[in-house]
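Engineer: Take the sequences, apply the hints, and build the full model.
Residue numbers (our numbering), protein chains in the order written: chain A, 46 to 157; chain B, 8 to 121.
Incorrect hints may have been included.
[Unchecked claim] 25 Å max Cα-Cα, derived DSS-like pairs, lysine-lysine:
| id | chain 1 | residue 1 | chain 2 | residue 2 |
| --- | --- | --- | --- | --- |
| 1 | A | K114 | B | K109 |
| 2 | A | K115 | A | K101 |
| 3 | B | K109 | A | K71 |
| 4 | A | K101 | A | K71 |
| 5 | A | K101 | A | K114 |
| 6 | B | K109 | A | K101 |
| 7 | A | K115 | B | K109 |
| 8 | A | K115 | A | K71 |
| 9 | A | K114 | A | K71 |
[Stated by the list, open to error] Some chain A residues close to chain B (C-beta under 8 Å, calculated; not the full set):
| id | residue |
| --- | --- |
| 10 | N76 |
| 11 | Q78 |
| 12 | N83 |
| 13 | G87 |
| 14 | L106 |
| 15 | F133 |
| 16 | A137 |
| 17 | I146 |
| 18 | F147 |
| 19 | G148 |
| 20 | G150 |
Quick caveat, the hints were computed from the structure, so don't treat them as lab data. Since the model is a prediction, treat every value here as computed from it, not as a measurement. Where is the CB? At the ideal position from N, CA and C, for every residue including glycine.
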Amino acid sequence: SQQGEEDPQALSIQEGENATMNCSYKTSINNLQWYRQNSGRGLVHLILIRSNEREKHSGRLRVTLDTSKKSSSLLITASRAADTASYFCATASSSNTGKLIFGQGTTLQVKP
Amino acid sequence: ETGVTQSPTHLIKTRGQQVTLRCSSQSGHNTVSWYQQALGQGPQFIFQYYREEENGRGNFPPRFSGLQFPNYSSELNVNALELDDSALYLCASSRDGGGGEKLFFGSGTQLSVL
Numbered sequence: 046s047q048q049g050e051e052d053p054q055a056l057s058i059q060e061g062e063n064a065t066m067n068c069s070y071k072t073s074i075n076n077l078q079w080y081r082q083n084s085g086r087g088l089v090h091l092i093l094i095r096s097n098e099r100e101k102h103s104g105r106l107r108v109t110l111d112t113s114k115k116s117s118s119l120l121i122t123a124s125r126a127a128d129t130a131s132y133f134c135a136t137a138s139s140s141n142t143g144k145l146i147f148g149q150g151t152t153l154q155v156k157p
Numbered sequence: 008e009t010g011v012t013q014s015p016t017h018l019i020k021t022r023g024q025q026v027t028l029r030c031s032s033q034s035g036h037n038t039v040s041w042y043q044q045a046l047g048q049g050p051q052f053i054f055q056y057y058r059e060e061e062n063g064r065g066n067f068p069p070r071f072s073g074l075q076f077p078n079y080s081s082e083l084n085v086n087a088l089e090l091d092d093s094a095l096y097l098c099a100s101s102r103d104g105g106g107g108e109k110l111f112f113g114s115g116t117q118l119s120v121l
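Structural biologist: So, in structure tokens, the structure goes:
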């Protein structure tokens, strides 16, 4: 079973707008990561935030983590058509089993 | 593009057959993880290999098995294929298994079981 619940399942915005997607999880974590997937192919790592961090930035990406609520959000600012993809959160358990548990993903469409 | 390569890219099998999927990890990585992704779902962890030993397994039956070789490449074997095994199979490499560090994914093998 998957740990993460992502919200919304699908998001459609205009180019230039911001996109926010949310992820909730169930167990204690070492870190939380966000990945992007184009057209059902391989996933690409976007950003990693550790359990002792609250916010992290990378270019147009901003990730927040609230461990008390077991939730995270990914904000993409000034979106582009090329940002159209599926976005997944993944958690690394604090039990250090080595595996990442992925959510079901948010499908983002950015219209030109 | 990552340095992780998977073969074949597409495969069609019939129920009951066996399949072997292959993965070459990125240079410098000694850990390989395999994931199954059904259509419209997130990837589900199958197992991980670290320095040729299994280092964690997800909720998959024993007919899913794997190997890691001294050069850290890996194979995923699935016996007695079932229709529900139709999915995208993703291989990901990383450094020093465990710890949940970031993964570098291959482009996947799309398996169809008829």
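Engineer: A separate judgement is required for each hint: does it hold in the structure or not?
Structural biologist: Tested hints:
1. A:K114 / B:K109: Holds, at roughly 23 Å.
2. A:K115 / A:K101: It holds: about 16 Å lies between the C-alpha atoms, which stays within 25 Å.
3. B:K109 / A:K71: holds (20 Å)
4. A:K101 / A:K71: Holds, at roughly 21 Å.
5. A:K101 / A:K114: holds (17 Å)
6. B:K109 / A:K101: holds (15 Å)
7. A:K115 / B:K109: holds (20 Å)
8. A:K115 / A:K71: Answer holds: A:K115 to A:K71 is near 7 Å, not above 25 Å.
9. A:K114 / A:K71: holds (9 Å)
10. N76: holds (6 Å)
11. Q78: Holds. Min distance 6 Å.
12. N83: violated (10 Å)
13. G87: holds (4 Å)
14. L106: Hint on A:L106: violated, closest Cβ of chain B at ~14 Å, above 8 Å.
15. F133: Nearest chain B Cβ about 5 Å off; hint holds.
16. A137: The hint holds - A:A137 has a Cβ within 8 Å of chain B, the shortest such distance being about 2 Å.
17. I146: holds (7 Å)
18. F147: holds (4 Å)
19. G148: OK, holds: A:G148 within 8 Å of chain B, min 5 Å.
20. G150: holds (5 Å)
Consistency note: the structure conflicts with the earlier hints numbered 12 and 14.
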